[in-house]
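Once you've looked at the hints, dock chain D against the given chain V.
Okay, here's what each chain looks like letter by letter:
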Amino acid sequence: MNIKNNEYYLIKISEFLDGELSADETRELFNHIADNPELQEELKTSMAVRNMFHQELIPPPKQARIFLYSKLNLQKTAVILSFLISIATQFRKILLNPAVGATLVGVGIFLLGYFSSEYLKSHNDIASKKSNQTNSIVEQVDQKIPIVSSKEVINNHINSEISNKQVVSFKNSKLLSSKVSNSLNLSQTSINLPNNLTNINQEESSTSEPNNQDFERKVISTFYAQNDKNLSNNIPKGNFPEINYLISSFLDKMSIAITKSNNNSNVKTNLEPLSNPMLNDYSLAIAYNFNEKNALAIEFGQENYAQRFSGIINQSNAIINQVYTAQWYGVSYQYNFDKLSPKLLINPFFKVLTGITKIGPLLKGSLGLSYSVNDKLIINAGLEASTLIYEFQGNRFNTNKYGFFYGAKLNF
Amino acid sequence: MNDFIKYNDLEICALMLSENTEIRKQAFDVIYDRYASVVYTFCLRFLQDKESAKDILQETFIKFFDYIQVKKDPIENIGGFLLKIARNECINSRPRKKITKVDYNNIEIEYNDNTYEQKQNREILLRALDSLPAKYRELLILKEFLNYTYNEIADITDQSRNNVGIMIHRAKQMLKEIVLKINKITKIEIEE
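Protein chains in written order, with my numbering: chain V, 86 to 497; chain D, 14 to 205.
Just so you know, the hints here were simulated from the structure itself, not pulled from any lab data.
Fair warning: there could be bad hints in the mix.
[Stated by the list, open to error] The calculated DSS-like cross-link candidates involving lysine-lysine, where the alpha carbons are at most 25 Å apart (straight line), are:
hint, chain 1, residue 1, chain 2, residue 2
1, V, K424, V, K378
2, D, K194, V, K353
3, D, K148, D, K97
4, D, K76, V, K147
5, V, K156, D, K84
6, V, K156, D, K76
7, D, K63, D, K76
8, V, K129, D, K194
9, D, K148, D, K67
10, D, K63, V, K147
11, D, K189, V, K129
Since the structure is predicted, the reported quantities are computational estimates derived from the model, not experimental observations.
Looking at chain V on its own, in the form it has when it is part of the complex (with noise of 0.2 Å):
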């Protein structure tokens, strides 16, 4: 067969597979091809390419019809709209730089950190409404518990009508009710108490040695116990101003990173990856504080890994180099160490990172240093390693990468 011959069945072959060729015209070409390896195979390898394309429409963009309505006049809202969607786009664009997005998510947290604080502070902080409703525990202390003697108390040291701010000193501490109960006679002193109070006073006048201070102790604990009672059932039911105070303690404790990281990897490889370059090696850290040592973060970020692995493709043993654009999520612990002088706020700290990617688990250690530029912003930097693990085929492969790493912290 000469070459012009081939030709002109390998254009037929191209014709039949796009169904261009008539009954007659495939049952000519299908004779010759029985008796023609080569066209055999060039059969098969074009029906495999065939196959690689899938007819499919893609649908444009829904904005494209809004703004071709607006340029052709055909729909008034369309100027609007597109205008509209033109400043979401741009919004959307800036919003994707991680530096933005990180600012603004670091910011919203803050707002409302502040913002929970300040409302609880003015309607509903408990440690408020406990300092209010001690001052009206001292009212009816004054009034209602009145210290009398059926002794003249001519003692100018002690004052039968105790003042409140005595009052608030036998609160807190016994020294006073020791010197009035020394000073007197205890076994004729009565105290007008509540019921269960006065109870305990009899019990106790009951024995014959009434001792003092335990019956002092018991009357303040049950006194105050009855208080906190009190207290406790002044407070506003349900859940809300609970839930505010947990949200506020909790807030204190949280805090927010951003890390630039700057690695080098075990696997060299001259491909680029296509992703945006401005996403990479970033990370976003919150952070719960358990205390100044220990905290526990849940961070997520965008690294690339160069890989090789090797496995079966076509059904040829295959080697493959590529740069995978790794989109992380993982949990980290952090523990800091003592600073290194009291003069220098700087603590060494290290850090376990483990995390998932669409491949398979990321893991990360990093040792590092920080410093408090104040009590709310922390800078960070050190060196890290982190290996991520993949699958393929069956077989495991690993990637390898090392470095430092720097960023910023800010405690809330």
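Relative to the frame of chain V, chain D by itself:
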């Protein structure tokens, strides 16, 4: 529900010549719904760039609208007419950078082998298609993605039917070579 959906291209074109704005709009709605995806798919596959494809889609429909309003000449095959405009716009759009080397990178790996291979094949195909000369690329897009017949393609591209057959064959041969070349890259370790 647009009542005009039942009309063919010629009738829709006639409706677009109406003095009534609402009728014109409804007629244009039908044309857009019928052909926007075809034009956009062609532009996207030809240019491999969503923003450019979107711009050319708009430009194509604006030119079509203006043509109908000015010429007042109904068109029998609106799809072919729109693709002609889109094709010219794509060819005349900003010069594309010359691709000298087909890179094979940044492929996501899925645990499911079939998914991976499908995705891989698609990636390879699009890259290979992108590296074809424009005159071959447009023919393959019209044939393989949009399923136009040789006669329709001949009409859109102003070529003879036989020439279209030969060109499509050559385009497929070139595409096959590029695909095999890319596959070969996957079979040997890339030299650093």
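Can the restraint linking K63(D) and K76(D) be considered satisfied, given a maximum Cα separation of 25 Å? Given pair K63(D), K76(D) holds - Cα atoms ~20 Å apart, limit 25 Å.
Run the distance test for K76(D) versus K147(V): straight-line Cα separation, threshold 25 Å. holds, 20 Å
Just to be careful, I want the Cα atoms of K156(V) and K76(D) compared with a cutoff of 25 Å; is the pair within it? holds, 11 Å
Taking only the CA atoms, is the gap from K156(V) to K84(D) under or equal to 25 Å? holds, 20 Å
Would you mind confirming whether the straight-line C-alpha gap from K148(D) to K97(D) stays at or under 25 Å? Holds, at about 13 Å.
Distance restraint between K189(D) and K129(V), which requires alpha-carbon spacing of 25 Å or less: holds, 12 Å
Sort out whether K378(V) lies within 25 Å of K424(V), counting only the CA atoms. holds, 11 Å
Pairwise hint evaluation, K67(D) against K148(D), where the allowed Cα distance is 25 Å at most: holds, 21 Å
Given the proposed pairing of K129(V) with K194(D), does the C-alpha separation stay at or below 25 Å? The given pair, whose Cα atoms are some 18 Å apart, holds under the 25 Å limit.
Starting from K63(D), check that the Cα of K147(V) is at most 25 Å away, please. Judged against 25 Å, a Cα distance of about 13 Å means the pair holds.
Hey, K194(D) versus K353(V), does the alpha-carbon distance stay inside 25 Å? Between K194(D) and K353(V) the Cα gap is close to 23 Å, so the pair holds against 25 Å.
Hint compliance for this structure: every hint is met.
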